[in-house]
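Engineer: For reference, the chains in residue letters:
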Amino acid sequence: MKYSRHGTSEQLELYVLGRLDPGDSDKLEEHLLVCETCQKQADQMRHFALGMREALLEEPVYQEKPATDWFGWLRQPSFAFATGFTLVFLIVLGVVYTRSGSRDLLPAAAIQLTAMRGEKTGAPRAKQLDITLLDAPSGRDPYKVELVDATGHNMWTGSGQTSEKGTRVSIPVASADPGDYFLRLYGQDGTLIHEYGLRIGK
Amino acid sequence: MPNQDEFDFADSSGEEESAAEAPLSPEWGDIVTRVSAGDPTGLGDLYAIFGKGVRWMFMRQLGAEELEDRVHDCFIIVAQAIQNGELREPERLMGYVRTIVKRQIAAHIEGMVHRRRTEADFEDTMPGLSDFSDDPEQVLWEQQRAEIARRVLKGIPKRDREILRRFYVDEQSQDQICSEMNLSYNQFRLMKSRAKKRFGEMGKRLALGIGRRLGGK
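Those protein sequence lines, which keep their order, are chains V and E. The working numbering numbers the first residue of the first sequence as 1 and each following residue consecutively. The working numbering numbers the first residue of the second sequence as 1001 and each following residue consecutively.
The shape of chain V in the complex, shown without the other chains (with noise of 0.2 Å):
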């Protein structure tokens, strides 16, 4: 007595769909001659595959997404290329800054101050500028010393040391544009001693 196997739901959908490999398919045919319970189930795998390309041919194709990648781009060899190119750019500005600033700012420069009306003593452009105000009030207590522009915006603020040549301030003008420039020194109380007149040259 001879046996017959059922089909599995596999191989019976991709009979119906005419995929299944030739070899298997004539088993399986012969096995649906004699099998109701396999032509049922083949019969219900053709509605649904039928069915499911009927309606999904009237579908717009969608395209799986690949996963979320937030810093793909960061991947992207534009990238790469960009920031490369922007790391040369700064630094080469820098080193273009920094030998263009050693060059044209000197250290420090020592200029003498006295209050003139009208008058405006010319100093280097230097990163500090130490200053002996020649005309300052003698005492032991130091002043209050104040630069501003011309604006009357404060640019510095500190204190000058008292000699017997005058008070001495430094002053770091690094930042300082060329341009006039005012130094002020008031006294302990606040009241303002002297005015002095300062042009930052080129």
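Heads up, some of the hints might be wrong.
[What the hints assert, rightly or not] Covered stretches of chain E, as calculated for chain V (at least 3 residues, CB under 8 Å):
#, stretch
1, 1049-1063
2, 1087-1097
3, 1157-1171
4, 1191-1203
If you are wondering where the hints come from, they were derived from the structure by calculation, not from laboratory data. Where is the CB? At the ideal position from N, CA and C, for every residue including glycine.
Go by the hints and put chain E onto chain V.
Structural biologist: For chain E alone, coordinates are given in the frame of chain V:
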């Protein structure tokens, strides 16, 4: 029209049906011996056993038209072959029957192609005289089947629809789909099985509704 059995998916649980043993096949040798001896019971048994299967295969391939004639022709050919001693291996009876069915189907299709080729010229000169439209009942059933499928598709995620599209429309293999969509075989089968189950449930409800409407008339 659809009936509920057509939507009763056996694998709706998602588990693949194992290659279980079917009921015992008939003793082909005994039947072949009786048919070749001209025993009417042999012919009766032969027809009873493979008649349904042959009918199913013709129906699936060629439709209902002239179905009984085709089954009868096939039976005659097989019976004569047995009686003429052409079937040397009785246990291969079903293989022989399958071959005959396939030949019949191929011959019918070849005939249809030939007829269409010769009739096309006539139709070109006499438009509108012939009505070759499909069976309206069949057209309705196909529309309903597609509608059920549309509803099933609406209720599943896009990714699942993409899997179904690849398998049923683009005819990609299971291996390819699983590989490209990063799926395990079980996930693939389970997804397909759920869609079939939903299709089956909706189809049964539809068939039940149609049955009630027809019964009420």
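Engineer: Take the hints in turn and mark each one as holding or not.
Structural biologist: Going through the hints against the structure:
| no. | hint | in the structure |
| --- | --- | --- |
| 1 | 1049-1063 | holds (count 8) |
| 2 | 1087-1097 | holds (count 4) |
| 3 | 1157-1171 | holds (count 9) |
| 4 | 1191-1203 | holds (count 5) |
When held up to the earlier numbered hints, the structure conflicts with none and fits them all.
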